[in-house]
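Student: Chains as they are written, first to last, in our numbering: chain S, 76 to 331; chain U, 76 to 331; chain P, 43 to 381; chain G, 43 to 381.
Mixed in with the good hints there might be a few duds.
Stated by the list, open to error - Between beta-carbon pairs, the in silico distance windows are:
1. U/V199 <-> G/D337: 26 to 32 Å
2. P/E272 <-> S/P284: 51 to 57 Å
3. G/K333 <-> U/R231: 37 to 43 Å
What the hints assert, rightly or not - Taking lysine-lysine pairs in the DSSO-like style, the calculated list, with each CA pair at most 30 Å apart, reads:
4. G/K87 <-> G/K171
5. U/K99 <-> P/K87
6. P/K212 <-> G/K221
7. U/K99 <-> G/K221
8. G/K75 <-> S/K99
9. G/K70 <-> S/K99
Hints were generated in silico from the structure; no laboratory data involved.
Just so you know, even glycine gets a beta-carbon here, dropped at the ideal spot from N, CA and C.
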Amino acid sequence: MAETRYTPTELLACVAARLLEDGKSVFVGTGLPMIAAMLAQRTHAPNLLIIFEAGGIGPQVPVLPISVGDSRTFYRAVSASSMHDVMSALQSGYVDYGFLGAAAIDPYGNINTTVFGDWERPEVRLPGSGGANDIGSLCWRTIIVMRQDCRRFLQRLPFITTPGYLTGPGARAAAGLPEGTGPYRVITQLGVYGFDEETRRLMLLSRHPGVTVEEIRANSEFDILIPADVPESAPPTPEERRILREIDPIGMVIGG
Amino acid sequence: MAETRYTPTELLACVAARLLEDGKSVFVGTGLPMIAAMLAQRTHAPNLLIIFEAGGIGPQVPVLPISVGDSRTFYRAVSASSMHDVMSALQSGYVDYGFLGAAAIDPYGNINTTVFGDWERPEVRLPGSGGANDIGSLCWRTIIVMRQDCRRFLQRLPFITTPGYLTGPGARAAAGLPEGTGPYRVITQLGVYGFDEETRRLMLLSRHPGVTVEEIRANSEFDILIPADVPESAPPTPEERRILREIDPIGMVIGG
Amino acid sequence: MEILQEGHGELVGWHDPDEHRQWVRENKSRELKDKTMTVAEAVGKFVHDGDFIACGGFGHVRVPMALIYEIIRQGRRNLTMAGKTAVHDIDILIGAGCVSRVEVAYAFGHELRGLSPAGRRAVETGKCKVVAEISNAGYQWRFLAAAMGLPFIPARILMGTDTFEKSSAKIVRDPWSGKPVCLLPAAYPDVAMFHVPRCDRYGNAQIDGILVEDFELARAARRVIITTEEIVDEDVIRRTPDRTVIPFYLVDAVCEVPYGAHPTQMPYLYYFDEAHIREWLTLSRTEEGTKAYFDRYVFGVRDFEEYLERVGGVRKLNALRRIEQLRAPIGTPEEEGNG
Amino acid sequence: MEILQEGHGELVGWHDPDEHRQWVRENKSRELKDKTMTVAEAVGKFVHDGDFIACGGFGHVRVPMALIYEIIRQGRRNLTMAGKTAVHDIDILIGAGCVSRVEVAYAFGHELRGLSPAGRRAVETGKCKVVAEISNAGYQWRFLAAAMGLPFIPARILMGTDTFEKSSAKIVRDPWSGKPVCLLPAAYPDVAMFHVPRCDRYGNAQIDGILVEDFELARAARRVIITTEEIVDEDVIRRTPDRTVIPFYLVDAVCEVPYGAHPTQMPYLYYFDEAHIREWLTLSRTEEGTKAYFDRYVFGVRDFEEYLERVGGVRKLNALRRIEQLRAPIGTPEEEGNG
């Protein structure tokens, strides 16, 4: 019973952390991605290299950073460098994983974080790309963490801020984006998704405990590829939850 | 009488130093240019900013540097930076003066420091551009210091390493080089030269003490523009000579 | 190299490299001279209505806030601002009506702290116009191109997206690989502003920790204003010349402003003032609240020192120092202060 | 962007950016692991016949000489070398028959010390081939393009000259200004070698003083070998992360070699060994002398420490330290040593 008393955010953090391999590198933002990367380091991936877009490389983070440029992101780092340096490393293929948030996504993993409505005179203006377009263009594998519902899983985005697979197979390379890159996983409050090799469309990989395939379908404007047999995401272990509390003692990201 | 007992190199250093204005910047190499810049700083141009291509900016040089990357080039500097930084400053228009040496020059101030004979299998192989092409392309005013004789003042160069005025008026801009730049003065053991505004060809500005116009003509393969009335270069003053000894006490550049 | 595609965003801050070189030659002093002045003088002299401005730092880190408050105090108008992970700075400048045009990499948000009520309201009502989109790396590299005196620099980003379509970039075919590559035009801000831990009176400025894109931005901008925790003797700089990030010939004004980055973080020196940022985010939900904020913290104080008193004075500043230096946890009573 | 002109020099060290990314993904470790080894192991493992190599530093400053001697000792052949203000390093590598191809920004000279007898003889007799010309900034920016993972970078140099004609650059029309601009192709050396004052066992390397183009070169190269005056504890690096110039994930080998830059200068630590450089410049005037030099200083010694004994041992090294630190003038008897 104890194992099931976890918060939704704890589950997301654990699911995200487990995707990260030891000995690889990850570009993280603040919030959940940071927590997932720290959790991975303290469990199966002690040798995961964490890089921040403002220039922090390989820190020994003492306290959860609030900002991507926060001095905590280069505390006891191997290098406190510059955006030019880390973005160049990203462009040169040194970064395995990158995290993105999204206000909306389409079947090909394209992302909108810029605007709803008309660009010139928007209904809702969002912050824009930030580093998202860079990460989505240049990282080997992008992991998107977002809320899923019918206003966010859209057939067609009002604005593509960050490239997923664009219009499908081959479209990224044709556009000039680095070969072999693209969205790898999408993690929502309902499940974990990948992208079908042939169509490059969103495909369910696992449902979170208690979530049905119907719920997953109901919370998307477009058709999600759903294989016949979809496993359940493994819930957070007590050990993972203990570490999460250690990382975020005041529940800044994980919640109360 | 005392004033005339100077070495040829002392004269060159003084003539070069006097061209440099206070409050401006100069890109220097080792040897004579360095000495000229230091002499200028200790006479009429205390606020001359000295920049070295390897990254030293505004040093308080304790001892004459031997190499352009020598730690003396960034001793008590305002910045010990990088080639990227200083070359970018050069390209952005921050550098007023640059010094060049030359193995050969043509009437338009183009320079060869690469090769005599065939490029593939040369008679004489020289070091190549180094920073010369960069300085000659990007500095506002380039000052060339070289030996003059018929094998060096050539009608046509076997190889143009560094651009002067190329084929004449307008040719630099047409080639894509920054507007308003180009060779400013040529200093040899015989005299000081500028470039005629209209033709962009080498023109005598002053003869060194004791040098005749005939000698100047005799030591060039091409016709040098020689105005009717050419002044004599002012010889080194005792004060200048005293400072030169201070700068180069063992006569490394200035000679014995 | 044929042009395959062109973005239709406004080309902000581009100059022909020759025109820029000429401007540098005529306007940037290569002389080692005293440039110290007050923030009022610096803003008065170098920030003009209609200018394209940019701030050093990143997000809520090392932002030259004393200059931002002064721009509001002096009532500058029609500024275009680089939304290069601009958060509190751009938000209050938009809220105060100073900034009316933005090229956006990241703006209208406060990272984890949530979206900007003031900034978003201005954009959604048309009071502030987004003139172009770009990404963080894209902006950084636009500054790099300018810092290098180039018309453009290539990058493998933006392609395939609407961010490109609303940018000022172009896509061409790389003559070596034959593949499409994006060209980012140089961006030369009229004024860039930085807050640094130490700088001498000539403008030789050092930064501790990450540089973000300050190295490039300082070289891209036409005018550079430095605020510094401390004006140090030239000798301090000359003893550690490899720590100098911004040399004097790039700098037009040097202002000593201890705590000049408040309420943003100054690495190693003081932490974010979360209480103050929260106060702004709360007040700025309404026009009235926004006005109240400026009345209290900008127009109602004589200068930045009086502002510091008002946000909590010595007690608050000491508390922020302890948190930044990991000697006190976040959220201690002192940090909440009396601001 | 039509191509207006193309250089006809050989395109040295260029890779399609996608191919390079894939190589990085498969071959560069992102793991913090011990990379310490001897120079013999490092050269054995990472420098292969036919490789394109480059050295950090500039001229006779901070050159990884212990690695250069080891490459000669191990008899590498057909190397292509970046003549990026390469002086003593390239001269002895050509003299020893290791380097047979050079892209030249600056080579075959020793700055103020005169031209290189060995290097020039090899080029003038066809034993060593110059495959392309470039300038110092041009090479530096070729490395910058590679460090950024780009196919090329623009620059306003080379145009109008034979240096361009013998380069691998191209001239295109800038789509913004309409003016010609030079595009420099990226250069990815197979191996770059650096000597640094301090580095930890993982390869986090710090450099004091000017960086020259080491920042860019370390990021451009596929393999990076570091020799260091001292292998320091990781903690030393982590206390001053803003001093790290080359982070571990770029580095393949770390070798502790005190005085590893001899006879070149190590800023703050030891001066040029002018006597030794003069000995080489004198001996290398003939083939016999060149052979005698290598017999004495490379093949006749077991390792770099024995080499250091032979060039004058502790007395010489102490003297060079005093000169570098401005505690003794140039040309003192000790400096002349017994080497």
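Student: Now look at each hint and say whether the structure bears it out.
Tutor: Do the hints match the structure? See the list:
1. U/V199 <-> G/D337: 26 to 32 Å: 29 Å, holds
2. P/E272 <-> S/P284: 51 to 57 Å: At 56 Å between Cβs, range holds.
3. G/K333 <-> U/R231: 37 to 43 Å: 41 Å, holds
4. G/K87 <-> G/K171: 26 Å, holds
5. U/K99 <-> P/K87: Given pair U/K99, P/K87 holds - Cα atoms ~23 Å apart, limit 30 Å.
6. P/K212 <-> G/K221: Answer holds: P/K212 to G/K221 is near 16 Å, not above 30 Å.
7. U/K99 <-> G/K221: Within the cut-off at roughly 28 Å; holds.
8. G/K75 <-> S/K99: 12 Å, holds
9. G/K70 <-> S/K99: With a Cα-Cα distance of about 10 Å, the restraint between G/K70 and S/K99 holds, given a limit of 30 Å.
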